Structures are given as structure tokens and as C-alpha cells.
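Novice: Sequence:
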Amino acid sequence: MEHSYDEPVYLISVVAKVLSIHPQTLRQYEKEGLVEPSRTDGKMRLYSQKDIDRIKMILRLTRDLGVNLAGVDVILKLKTKIDEFENTIEELRLELDRRDNPSKSRAVVKHRSNFDLIFLEKMK
1 MEHSYDEPVY LISVVAKVLS IHPQTLRQYE KEGLVEPSRT DGKMRLYSQK DIDRIKMILR
61 LTRDLGVNLA GVDVILKLKT KIDEFENTIE ELRLELDRRD NPSKSRAVVK HRSNFDLIFL
121 EKMK
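Going by UniProt numbering, the first residue of the sequence shown is number 1, and it counts up by one from there.
Just so you know, these hints were derived from the structure itself, not from any lab. Everything numeric in this text was worked out from a predicted model, so none of it was measured. A couple of the hints might just be wrong.
As a list, the in silico BS3-like pairs of lysine-lysine whose alpha-carbon atoms are at most 25 Å apart [as the list claims (entries may be wrong)]: (1) Lys17 / Lys31; (2) Lys17 / Lys50; (3) Lys50 / Lys81; (4) Lys31 / Lys79.
Derived CB-CB ranges, DEER-like [unchecked claim]: (5) Ser4 / Arg93: 35 to 43 Å; (6) Val18 / Val67: 34 to 42 Å; (7) Leu65 / Ile89: 24 to 32 Å; (8) Ser38 / Leu59: 33 to 41 Å; (9) Gln28 / Asp97: 44 to 52 Å; (10) Glu2 / Asp73: 30 to 38 Å; (11) Pro102 / Arg63: 48 to 56 Å; (12) Glu91 / Asp41: 31 to 39 Å.
All residues carry an ideal CB built from backbone N, CA and C; glycine is no exception.
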């Protein structure tokens with residue numbers, strides 16, 4: 001059974017074992033605001049693959065690069081901002097491409113009636 005990248009399915013004990021860290025380390029990361037696992041109705045922590053990848057980055061920063069948790073927090077916030085900027089840049093690039101190359105778009109009639117609906121589709 002496959003789960004989505006963001007779907008919280010892993011218990012704290014499983015994540016701790018897979019990453020070879022103590023569950024208390026994960027609790028500390030949560031306390032510091034570095035990770036936000038989901039909670040079941042019974043308040044059990046559940047981690048997604050996205051959370052696990054974030055924890056791996058935290059471990060790399062702390063273990064391999066010697067960054068303290070305050071520094072990790074700053075780095076993770078900056079990375080989030082960079083990711084947001086990259087997404088915005090990509091959206092703007094697509095919009096510019098669409099405006100600069102109107103010939104790549106064509107009108108397609110999707111429904112015939114007295115009020116035809118016309119959609120633009122990008123040609124390949």
C-alpha cells in the first residue's frame with residue numbers, strides 16, 4: 001500500500017528506529033518547532049514521509065555540519081522561503097511563455113450550444 005508524500009502514517013517509534021535516533025530527540029524537535037507531526041484522536045504522533053525527509057535534513061545539519069537547533073530553525077525557514085520564491089518564479093515563467101508565444105495556444109470549442117464554451121489549450 002502506497003501513501004502520499006504528505007500523508008501522516010508513521011509512529012514515532014518507527015521513525016526513531018528508521019533514523020537511528022531516540023524518540024525523545026523527535027519530541028525535542030517538535031518542542032523546538034522544527035517538525036510538526038500530525039496527531040491521532042488519541043494524541044499519538046504520526047509522521048509523513050515529508051516529515052521524515054525534514055528530520056533527515058535536521059540530522060544532517062546538526063550532526064554533519066555542527067549547526068545548533070536555533071541555526072537549523074533559521075535555515076529551514078530560509079529554505080521554505082526559497083522554495084516559495086522558486087515556485088513563484090516558475091509560475092511567472094509559464095505566464096511569460098504563454099504571453100510571449102500566443103501561437104502555442106489555440107481555442108477549442110468544448111461544448112456546442114447558443115453559448116459556446118471556449119478554452120485555450122497549450123499546443124505541444
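Novice: For every hint, state whether the structure bears it out.
Specialist: A quick look at each hint next to the structure:
no., hint, result
1, Lys17 / Lys31, "20 Å, holds"
2, Lys17 / Lys50, "17 Å, holds"
3, Lys50 / Lys81, "17 Å, holds"
4, Lys31 / Lys79, "20 Å, holds"
5, Ser4 / Arg93: 35 to 43 Å, "27 Å, violated"
6, Val18 / Val67: 34 to 42 Å, "22 Å, violated"
7, Leu65 / Ile89: 24 to 32 Å, "27 Å, holds"
8, Ser38 / Leu59: 33 to 41 Å, "20 Å, violated"
9, Gln28 / Asp97: 44 to 52 Å, "46 Å, holds"
10, Glu2 / Asp73: 30 to 38 Å, "32 Å, holds"
11, Pro102 / Arg63: 48 to 56 Å, "52 Å, holds"
12, Glu91 / Asp41: 31 to 39 Å, "38 Å, holds"
In summary, the numbered hints that this structure violates are 5, 6, 8.
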